[in-house]
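A.B. asks: Take a look at the letters that make up each chain.
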Amino acid sequence: MNELLNKLAVAIARGKVNQKSPFPPDMKGEFGADELTKQALEESVAPAAILNDGLMIGMKTVGDKFESGKAFIPDMLIAAKAMNVAMVHLKPFFDSGEVELKGDFILGTVAGDLHDIGKNIVRMVLTGNGWNVIDLGTDVKPEQFIETLKEYPNAVIGMSALLTTTMMQMETTTTAIKEVSPDTKIYIGGAPISQEFSDKIGADGYFPDPNKFAKHLASVV
Amino acid sequence: MITLNKNYKEKIKLRIEPIGKDLDVIKGTPLIDKLFEYGIEFPCGGKGLCGGCKVKLLSGDVKNHEQYKELNCKLGLDSDFRLACNSELIEDTTIEIPQLESLILADNTAFTFTPLVGFGIAIDIGTTTIVAQLVDLSSSQVLGVQTSRNPQSRFGSDIMSRILHGLTTAGSDELKKLIREETYSLIKLLLNSKDINLKKIVLVGNSVMHHLFCGLDVQPLSMFPFATTNNESIEYSPVELDWELSSEVKIIFVRPISSFIGSDIYAGIIASGMDKHTQLTALIDLGTNGEIVVGSSDRMVCASTAAGPAFEGATIHMGMSAMSGAISSVNNNDTRIDYHVIGNQDALGICGSGLIDAVSVFLQNGSVDAGGTIVDEKEKLRIGDRVFLTQKDVREFQLAKGALAAGLQILVDKLCKSLDDITHIFIAGGFGNFINLSNVTRLGMIEVDQSKITKLGNSALIGAKMLLFTDDYSLENSISKIEHISLDSDENFQDIFVNKMFFNNYISNDIADE
Ligand code: B12
Ligand code: FES
Chain A
0 MNELLNKLAV AIARGKVNQK SPFPPDMKGE FGADELTKQA LEESVAPAAI LNDGLMIGMK
60 TVGDKFESGK AFIPDMLIAA KAMNVAMVHL KPFFDSGEVE LKGDFILGTV AGDLHDIGKN
120 IVRMVLTGNG WNVIDLGTDV KPEQFIETLK EYPNAVIGMS ALLTTTMMQM ETTTTAIKEV
180 SPDTKIYIGG APISQEFSDK IGADGYFPDP NKFAKHLASV V
Chain B
0 MITLNKNYKE KIKLRIEPIG KDLDVIKGTP LIDKLFEYGI EFPCGGKGLC GGCKVKLLSG
60 DVKNHEQYKE LNCKLGLDSD FRLACNSELI EDTTIEIPQL ESLILADNTA FTFTPLVGFG
120 IAIDIGTTTI VAQLVDLSSS QVLGVQTSRN PQSRFGSDIM SRILHGLTTA GSDELKKLIR
180 EETYSLIKLL LNSKDINLKK IVLVGNSVMH HLFCGLDVQP LSMFPFATTN NESIEYSPVE
240 LDWELSSEVK IIFVRPISSF IGSDIYAGII ASGMDKHTQL TALIDLGTNG EIVVGSSDRM
300 VCASTAAGPA FEGATIHMGM SAMSGAISSV NNNDTRIDYH VIGNQDALGI CGSGLIDAVS
360 VFLQNGSVDA GGTIVDEKEK LRIGDRVFLT QKDVREFQLA KGALAAGLQI LVDKLCKSLD
420 DITHIFIAGG FGNFINLSNV TRLGMIEVDQ SKITKLGNSA LIGAKMLLFT DDYSLENSIS
480 KIEHISLDSD ENFQDIFVNK MFFNNYISND IADE
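Chains A and B, in that order, are what the protein sequence lines are. When we follow numbering that gives the first Met the number 0, the leftmost residue of the first sequence carries the number 0, and every step to the right adds one. When we follow numbering that gives the first Met the number 0, the leftmost residue of the second sequence carries the number 0, and every step to the right adds one.
Heads up, none of these hints are tricks.
Using 16 Å as the maximum straight-line C-alpha spacing, the simulated EDC-like pairs for lysine to aspartate or glutamate come out as follows: (1) A:Lys69 <-> B:Asp368; (2) B:Lys391 <-> A:Asp208; (3) A:Lys37 <-> A:Glu2; (4) A:Lys69 <-> B:Glu376; (5) A:Lys64 <-> B:Asp375; (6) B:Lys391 <-> A:Glu66; (7) B:Lys62 <-> B:Glu87; (8) A:Lys80 <-> B:Asp494; (9) A:Lys69 <-> B:Asp375; (10) A:Lys69 <-> B:Glu378.
Derived, one-sided and incomplete: chain B residues facing chain A with beta-carbon distance under 10 Å: (11) Ser221; (12) Ala305; (13) Val393; (14) Gln397; (15) Gly401.
Keep in mind the hints are simulated off the structure, nothing from the lab. Glycine included, each C-beta is placed from N, C-alpha and C at the ideal position.
Working from the sequences, and respecting the hints, build out all of it.
C.D. replies: Structure representation (structure tokens):
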């Protein structure tokens, strides 16, 4: 059984979606994340164990490699694809409450900015780490963050910006959110951002890398 | 016993006329390295084919490669002329550079025009440099050229930081004043207090330069949906700009095509003649904004791919611009890596052309895999003793080349064509002159056959000169044929971008090695 979850972790980390998928070439014909998750459920492995000891381990493996530069954006996206097919099988257990997620996370690229590739990677890593990520997409206005926060009052918020001009929106948005909900934690990221900037605008932290960020969240929540 | 210090480098003196510059140069330095820093153009890319870089020897001599003697003869050069692109400095020498007197710039190429009376000045306002040339409107002859650094650079090197500074009225006024004053000083240098019949000044530049020069609000350009405040050609009289010139002089800043595609690109289109081709051609600017235009005479599409400044050596750990001390080319020589340093001195860093070569070399010798990962993580990618590339540098390169290649792919798709249908690609921008095209294509920065690519040199300036001969600056007829494609609203961008980050042309190599 443990063997099966190990296999699942490898399938996620290497981006083996299902048996049919040609990638990666050296895993041709082997079961992918799709079949392995189904099999685990059929063998009555607890869904929480599948998430913790399969998916999350796989995502952490590729996330660590990405953090050190040994893996790159394509590797992250293909791993996320594998993770998503596995998630489909687990979704009913999240919905029913049988598997408890780490919490809600509201994510978006700030107003005026449409760069979303970095933000998408953050979503994948957090999902793979057991967060319920509500992705508001790009060009997200402060009001949209606040509206969504009403629905998920305990959520943590993450914002992304890639432009020198739109990073200023982070300040506006942070101020607006903190005004209605001072205790909500707000984290920021994106190529032009720094910890200094985060301190200046009153956000709760900056992370250059999603994997580091996930580890931090795990330690504070 | 006397020991010779191997590192001692003998210095010689070089004097450049007609500007009267004296330089101390390390013996053995290629002349091209020194002149490159002084803004001299090498029209054929330094291949010894065009004669555009000829210099006259006033004293001393330089060393030439054997095979070029024949070429000198073919080009009909007198015995006291040498090709700067093929000369090594070996003794105290004085040279005179015809380019600095009557410019034989890259744009010596003929174009059809209706001769006019008087003189004109064509100016390319770049984010980093301004180039202006004086043109005889009766013959289209270039009589002089002046360049300088864009003084706005102190507020940041990229357009977004300029926009940021220009968001306040005070900031915007300051940027406007700086650029107008600097442009005027170039004009004065060109006119050299001669009383000539100046008729017209045509300026081109990217949309942000257009807005800042014209004092237009840049706020709409600062965030989505990225609109121009005013998309028209704007005409001035000299008093309006505080320029002391005859009130007859007509000054026009040519309109942008769209929010992030400026008149510098429009000038490139007409300089390349792609608007006249019935077959599919493309124009690519390898600069920070990575503008691409694809199409034929009846329809064109364009986009700004935002590749970033990696190809110019910025964002690279040991990156620097193409000046003394920069590694400008790298070659794989079986067991060792050969490289060339501008100025024949110790290497301090690497510039864009060197980076492109280096990435290719490390892929070829298997130090980097086709996914861009350094194979032996303990090894740095060394080029010589001091300079190396990091894993992050390769990643930066991948982001830039992925964005550029994805942009070209998406534009071609928009026209329902394939990359193979492109008959010709023109590379805009002076930077393009020094890059090794075989590596550009092999790395997949531009995915067409190398034989289809031509380097245009400063195409914005060439086009601006051509624009001196029009009357209708609304450009409605031609610009209406150019459609701007927003890559940010393209659903497939991410997938295509990610795919284009791989170095597929080196994969067979890897497998063979295994
Ligand atoms: C791809 C790209 C685009 C694509 C965007 C497609 C898309 N759907 O996202 C397109 C072509 C559409 C585009 C357009 C523009 N772009 Co652009 N673009 C880039 C490019 C090449 C790569 C950006 C990227 O995706 N990086 C990869 C991701 C994974 O990295 P990342 O976003 O930084 O994210 C990582 C971390 O920062 C972190 N992170 C990110 N967000 C968050 C959030 C949290 C909470 C945390 C914890 C972490 C975190 O995690 C991620 C993974 O490690 C860069 C240049 C470059 N070489 O970097 C320019 C760049 C960002 N763009 C730039 C510009 C100016 C533009 C334009 C405004 C103008 C133009 N020249 O075209 C337009 C307008 C875009 C718009 N409407 O918003 C500039 C910004 C300059 C500046 N100083 O502001 C850059 C730097 C290029 C340049 N010219 O120098 N662009
Ligand atoms: S001959 Fe063309 S640049 Fe030297």
